[in-house]
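One line per chain: the protein sequences are A, B and C, in this order. So the first sequence is numbered by the UniProt record's numbering: it starts at 1 and just counts up by one. So the second sequence is numbered by the UniProt record's numbering: it starts at 1 and just counts up by one. So the third sequence is numbered by the UniProt record's numbering: it starts at 1 and just counts up by one.
Rather than coming from a laboratory, the hints here were simulated on the basis of the structure. Keep in mind that the hints are not guaranteed to be accurate.
To be verified - Stretch-level coverage of chain C by chain B, calculated; a stretch enters the list once three of its residues show a Cβ under 8 Å from a Cβ in chain B:
id, segment
1, 27–36
2, 94–103
3, 305–316
Just so it is clear, the structure is predicted and the values come from calculations on it, not from any experiment. Note that the Cβ used here is the ideal one computed from N, Cα and C, for glycine as well.
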Amino acid sequence: MYTEKVMDHFKNPRNMGEIEDASGIGTVGNAKCGDIMRVFLKIEGDVIEDVKFKTFGCGAAVATSSMATELVKGKTVKEAMAVTNKAVMEALDGLPPVKVHCSLLAEEAIHAALWDYAQKHNIEIDGLKEPKADIGEHDSFEEI
Amino acid sequence: MSKIIYLDNAATTQLDENVFEEMKPYFVEHYGNPSSVYSVASESKKAIDIARERVANSIGAEVSEIYFTNGGTESDNWAIKGIAENYVNKGKHIITTKIEHHAVLHTCEYLEKQGYEITYLNVDEDGLINIEELEKSIRPDTILISIMFANNEIGTIEPIKEIGEIAKKHNIIFHTDAVQAFGHVPIHVNEMNIDLLSASGHKVNGPKGIGFLYIRKNIKLKSFIHGGAQERQRRAGTENVPGIVGLGAAAKIACDNMEERAKHLIKQRDYLMEQIEKNVDYIRLNGHRTKRLPNNVNFCFRFIEGESLLISLDMEGICASSGSACTSGSLDPSHVLLAIGLPHEIAHGSLRLTLSHNTTKEELDFVVEQLKDIVNRLRAMSPLYEDFVKAQK
Amino acid sequence: MSKIIYLDNAATTQLDENVFEEMKPYFVEHYGNPSSVYSVASESKKAIDIARERVANSIGAEVSEIYFTNGGTESDNWAIKGIAENYVNKGKHIITTKIEHHAVLHTCEYLEKQGYEITYLNVDEDGLINIEELEKSIRPDTILISIMFANNEIGTIEPIKEIGEIAKKHNIIFHTDAVQAFGHVPIHVNEMNIDLLSASGHKVNGPKGIGFLYIRKNIKLKSFIHGGAQERQRRAGTENVPGIVGLGAAAKIACDNMEERAKHLIKQRDYLMEQIEKNVDYIRLNGHRTKRLPNNVNFCFRFIEGESLLISLDMEGICASSGSACTSGSLDPSHVLLAIGLPHEIAHGSLRLTLSHNTTKEELDFVVEQLKDIVNRLRAMSPLYEDFVKAQK
Ligand SMILES: Cc1ncc(COP(=O)(O)O)c(C=O)c1O
Ligand SMILES: Cc1ncc(COP(=O)(O)O)c(C=O)c1O
Ligand code: FES
Ligand code: FES
Numbered sequence: 001m002y003t004e005k006v007m008d009h010f011k012n013p014r015n016m017g018e019i020e021d022a023s024g025i026g027t028v029g030n031a032k033c034g035d036i037m038r039v040f041l042k043i044e045g046d047v048i049e050d051v052k053f054k055t056f057g058c059g060a061a062v063a064t065s066s067m068a069t070e071l072v073k074g075k076t077v078k079e080a081m082a083v084t085n086k087a088v089m090e091a092l093d094g095l096p097p098v099k100v101h102c103s104l105l106a107e108e109a110i111h112a113a114l115w116d117y118a119q120k121h122n123i124e125i126d127g128l129k130e131p132k133a134d135i136g137e138h139d140s141f142e143e144i
Numbered sequence: 001m002s003k004i005i006y007l008d009n010a011a012t013t014q015l016d017e018n019v020f021e022e023m024k025p026y027f028v029e030h031y032g033n034p035s036s037v038y039s040v041a042s043e044s045k046k047a048i049d050i051a052r053e054r055v056a057n058s059i060g061a062e063v064s065e066i067y068f069t070n071g072g073t074e075s076d077n078w079a080i081k082g083i084a085e086n087y088v089n090k091g092k093h094i095i096t097t098k099i100e101h102h103a104v105l106h107t108c109e110y111l112e113k114q115g116y117e118i119t120y121l122n123v124d125e126d127g128l129i130n131i132e133e134l135e136k137s138i139r140p141d142t143i144l145i146s147i148m149f150a151n152n153e154i155g156t157i158e159p160i161k162e163i164g165e166i167a168k169k170h171n172i173i174f175h176t177d178a179v180q181a182f183g184h185v186p187i188h189v190n191e192m193n194i195d196l197l198s199a200s201g202h203k204v205n206g207p208k209g210i211g212f213l214y215i216r217k218n219i220k221l222k223s224f225i226h227g228g229a230q231e232r233q234r235r236a237g238t239e240n241v242p243g244i245v246g247l248g249a250a251a252k253i254a255c256d257n258m259e260e261r262a263k264h265l266i267k268q269r270d271y272l273m274e275q276i277e278k279n280v281d282y283i284r285l286n287g288h289r290t291k292r293l294p295n296n297v298n299f300c301f302r303f304i305e306g307e308s309l310l311i312s313l314d315m316e317g318i319c320a321s322s323g324s325a326c327t328s329g330s331l332d333p334s335h336v337l338l339a340i341g342l343p344h345e346i347a348h349g350s351l352r353l354t355l356s357h358n359t360t361k362e363e364l365d366f367v368v369e370q371l372k373d374i375v376n377r378l379r380a381m382s383p384l385y386e387d388f389v390k391a392q393k
Numbered sequence: 001m002s003k004i005i006y007l008d009n010a011a012t013t014q015l016d017e018n019v020f021e022e023m024k025p026y027f028v029e030h031y032g033n034p035s036s037v038y039s040v041a042s043e044s045k046k047a048i049d050i051a052r053e054r055v056a057n058s059i060g061a062e063v064s065e066i067y068f069t070n071g072g073t074e075s076d077n078w079a080i081k082g083i084a085e086n087y088v089n090k091g092k093h094i095i096t097t098k099i100e101h102h103a104v105l106h107t108c109e110y111l112e113k114q115g116y117e118i119t120y121l122n123v124d125e126d127g128l129i130n131i132e133e134l135e136k137s138i139r140p141d142t143i144l145i146s147i148m149f150a151n152n153e154i155g156t157i158e159p160i161k162e163i164g165e166i167a168k169k170h171n172i173i174f175h176t177d178a179v180q181a182f183g184h185v186p187i188h189v190n191e192m193n194i195d196l197l198s199a200s201g202h203k204v205n206g207p208k209g210i211g212f213l214y215i216r217k218n219i220k221l222k223s224f225i226h227g228g229a230q231e232r233q234r235r236a237g238t239e240n241v242p243g244i245v246g247l248g249a250a251a252k253i254a255c256d257n258m259e260e261r262a263k264h265l266i267k268q269r270d271y272l273m274e275q276i277e278k279n280v281d282y283i284r285l286n287g288h289r290t291k292r293l294p295n296n297v298n299f300c301f302r303f304i305e306g307e308s309l310l311i312s313l314d315m316e317g318i319c320a321s322s323g324s325a326c327t328s329g330s331l332d333p334s335h336v337l338l339a340i341g342l343p344h345e346i347a348h349g350s351l352r353l354t355l356s357h358n359t360t361k362e363e364l365d366f367v368v369e370q371l372k373d374i375v376n377r378l379r380a381m382s383p384l385y386e387d388f389v390k391a392q393k
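Excised from the complex, chain A in its bound form (with noise of 0.2 Å):
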């Protein structure tokens, strides 16, 4: 059901992982439809010189978040900016579509942490919005 670079990025994911002194931090996605995603960004100068995620979601999601930031590393931050969902997509050459909306996510993840930057920083970056999913740190964990 996945291409073959769907399954390699899910696979070995690139970029896994945290990343301790962040310029920003965004968490997206929405427990109840299974997806969240988290982008920690390094920026230095408008440069993204390192890039990790997290994610809790589907074989798609792990595999945009990969792709995602592969493709804003080394990036400015207004190349970021134009790196869209379809452009994630593409990179992965496709997704089912039942599969699509995991891909906006990883868009909506580096854009939230973008927005964490811009907000740390008072600068202001251009066509970004505060993102509507942020879901921030999660607090509440039911015992099972």
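Based on the hints, put chains B and C with the ligands in the right spot on chain A.
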């Protein structure tokens, strides 16, 4: 990935070689239409008679009470819509549960749109209905109780005999979706007061595209599929002769070997549950620990998502299934997992492993080993796990 | 009785060996449930895709317009009940004919009980409907025209293109039961303005228990069988993978060879009609002489009864069928023979011989020879014949 370990026998099973051998002559050689007059067709007729007898024997029914259908889904649709239509003068109230298969649930939802009232019984955390709640929900206009024999996701076996007694006491027709139970656990329609029972061939190493509906003699149930006079005028359409033969053969093999297979499977199942519980943290067993199908194991693994788990297992040659939203085709995780009280994010990380009588201990050991690694890897990736670990500190 | 001469291909056909070969891997080897996530199941998924494409190509449809069902009967039920339910706000009037298969007629009768109004069009002595009568019977509340492509008893092919034009002109949905026509005569759903089309595998050397419904893109047709999300949520139930593969293979073979086979069959058919007419007195050809299925021959033999004829032929190894009351399961002879204006006693003596592409001229010669003797023998036994002969004198 050289060897496949198939642990999704609740989804479908491998056709038994011996069953296929019995079916073979009815494809090219004995292809006659069983409704025909000439003697060439009598081979087909005889074959159907034998299959019907085997199926009847397997649930303690009479031959004339077995009607072949296209599968479990058609049987469920026929039973429920049929009773709704035939007994509408008595009332429009039906009792079922929150954990039925979609073949029952979506049929009930369809009837709701036609003005029927449906009570969806709750289940407890193990997936069991409450007999008192059932009895209390009976009304003068209740025409049908439809409760599954065993659940397809969490494997819980419902108290069918008690349900049958309640139904009988109140003179209400009792239908059970036994698609998962048929051929796996003993069924006796008379002892259990079952009036209608659905089953499907491909869940018991029989062929796909064939099933049956048991209809107790005295039940008035009109046709659901109208047309020719097949199946004593109750189910029209040229008979799927090889399919029927295969269903009969599979029913016989399943019943002849049930005791022995169940004993073996329960041992395997319990071993698998034990090993998983021993090797992986933060998990929850879904379904009742003992009142469950001999071949069903179902756990939630916290902080990870089911589809990722499935794909990772698949890469190791292990076939399994999940009730996660990402595999369910809708935005919600399985209604069964929600009904037993799991919060959404935990329901997401469910894994169902359903064994066959051919599953070996070595296979299970391999699965546990892989599972351990995969769960670790996925948790390392999971923002939820990260938050959890931080909160612990 | 050493050799069997099977001339009942309208009842069912022999499964093509090549079709069976294509089906085989999907029984025991590739048994995965096509709805599953893991790669083992992708074989089943791919097989279904190929079959759907083959079926779509065979009627000039798009892949997404083909829905697999359990057979022609289910397809007819789904199409007619589905449209009735979905378009009830527009009206409750349906037009069909007096010579439809029971899968259509009994479904219509069921709807009549639900308050729908059905117009049953007359046919002429050849079994053809009248286009003007059709157009006149259209009302503002007409929601469906359901007219069969070709009749299963007398073989008459209806003017489908003209019917499609009328339906389109009046913006009414057009369903055709093409169970007998599919794979035997060219069908193009767009050129013929067909909105819904039913067909069945086992009538074209495919397997039993599988069929399809073509549903034009823009047609609103809800599920008939509710449950899982198979067939793009429109037809629930685990897919009969080998059956679907077989239907696809049979559709492809039938279409690839249609022209050649039809040419051969028409020659055979006309030879058989000619020989019977030359050798037996007091007979009547049923169905249109040229607008008929390439493989259908149907005669009434006066003064004799169909079942006796069939049994006598069976004793010589010849398989055929009849519309006589004694074989119809009811007290009346076939509704089709009555609709073309035959009196009861003549309708009783009907014989249908339906050829396959493997039927040889030698077989036909043998059949004519036997038929001549049998008819003579039965007439010698018949009081009707005695009366007739006396009256002649
Ligand atoms: C409990 C239950 N009911 C009904 C069905 C439907 O059976 P089928 O897909 O054979 O129509 C299934 C299997 O999917 C099932 O597990
Ligand atoms: C014209 C026609 N419609 C419908 C059917 C029903 O098809 P099936 O028996 O495959 O369901 C038949 C065959 O019996 C037929 O000849
Ligand atoms: S994360 Fe749930 S479908 Fe992709
Ligand atoms: S004479 Fe016996 S059924 Fe017609």
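Within 8 Å of chain B's CB atoms, at least three CB atoms from the segment 27–36 of chain C: coverage verdict:
Coverage by chain B holds here, the residue count being 7 at a Cβ distance below 8 Å.
Quick one: see if chain B covers the segment 94–103 of chain C, three-plus residues with Cβ-Cβ under 8 Å.
As far as the segment 94–103 of chain C goes, the hint holds, because 3 residues have Cβ atoms under 8 Å from chain B.
Count the residues of the segment 305–316 of chain C with a beta-carbon closer than 8 Å to any beta-carbon of chain B: does the count reach three?
holds (count 5)
Checked against the numbered hints given earlier, this structure breaks none of them.
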